[in-house]
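Undergrad: In this note's numbering, each residue carries its 1-based index in the sequence shown increased by 100.
Everything hinted at is true.
Okay, the calculated beta carbon distance ranges per label pair:
{"#": "1", "residue 1": "A346", "residue 2": "S227", "range": "40 to 48 Å"}
{"#": "2", "residue 1": "D366", "residue 2": "S227", "range": "35 to 43 Å"}
{"#": "3", "residue 1": "P284", "residue 2": "R345", "range": "15 to 23 Å"}
{"#": "4", "residue 1": "D275", "residue 2": "V342", "range": "15 to 23 Å"}
{"#": "5", "residue 1": "A180", "residue 2": "D280", "range": "25 to 33 Å"}
{"#": "6", "residue 1": "G166", "residue 2": "S339", "range": "43 to 51 Å"}
{"#": "7", "residue 1": "N222", "residue 2": "G318", "range": "38 to 46 Å"}
{"#": "8", "residue 1": "A261", "residue 2": "H170", "range": "23 to 31 Å"}
{"#": "9", "residue 1": "P284", "residue 2": "D182", "range": "21 to 29 Å"}
Because the hints were derived from the structure by calculation, they are not lab data.
This one's a predicted model, so the numbers in the text were calculated from it and none came from an experiment.
Using N, Cα and C, we set each Cβ at its ideal position, and we do this for glycine too.
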Amino acid sequence: MRTSPSPRRGASGQTPAPPIPPARPFWPYALLMLVLAVLTVAVSALPASLVTRLLPAAVHTEDFSGSIWHGSAGRVTVNARDAGSVEWRLHPDALLRLRVAADLHWVRGGFVLDGAAGLDRNSLTVSGVQGGGPIEDLRGLGLPAGWRGSAQIHINELRAAFSGAGITLQAAVGDIAVSDLSTPQVAQGANLGGYSLRFADAALGPDSDATAQITDTGGPLIVEAVIHFSAKQRSAMLSGTVMERADVPAALRTELDDLARLHARDAQGRLPIDFEFTY
101 MRTSPSPRRG ASGQTPAPPI PPARPFWPYA LLMLVLAVLT VAVSALPASL VTRLLPAAVH
161 TEDFSGSIWH GSAGRVTVNA RDAGSVEWRL HPDALLRLRV AADLHWVRGG FVLDGAAGLD
221 RNSLTVSGVQ GGGPIEDLRG LGLPAGWRGS AQIHINELRA AFSGAGITLQ AAVGDIAVSD
281 LSTPQVAQGA NLGGYSLRFA DAALGPDSDA TAQITDTGGP LIVEAVIHFS AKQRSAMLSG
341 TVMERADVPA ALRTELDDLA RLHARDAQGR LPIDFEFTY
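The task is simple: from the sequences and hints, build the whole structure.
TA: In structure tokens form, the structure reads like this:
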């Protein structure tokens, strides 16, 4: 007796089950994790002084402690200028590209900054910088002699390129607030109040000047000005207007009156200002 053929699956409306994919081998992932673990241990054991091999010629470091992973340099100089000391925590993946990327803690006297930086032999990138301190502790890093006060710094982005001619600024975005500003060169050292400097140069050409908008935050003067920094000429030009408030110190009022004899006040009583200094 002949048996009837089995009914086809399609005839009953059922779809065939999808094929089960072959299991992926686990060993490549295990090998990768092993390599990363070995790399982590190796980097953490290397001395901090090896960082010097990744720095540009303009930067010199001494007095090391810790490891290349988490270490510090007690003395840093940039173009032979004292740049304080620095502590770092490296991002190890950047080392594979011969680049230093790290979280930094920088100190020069009482001035302290925290942020992140990326550095190779050609460029420097800084971001998320917060901190501050007495500005007199920045002497030798471009601050004109004699100025005193305190500063708070918030830098979103700062980019610079290294070359045989020095350091070229490529971007500067952030804010700097100064307070209790004074210098013996102005009003016999009287307190000049506080000011805010805002940088918004997201892209600068090789010959471009960095600019900052300046406004007062209280004190004896009402100031609206712009300052242009020329890294190529190592100079800065401040231009804008200034007007005294009612509580201006006598020595400062005298200097403003002398300035008014050279530059007439506008209809609102503001004096034009135009100063240049080198650093």
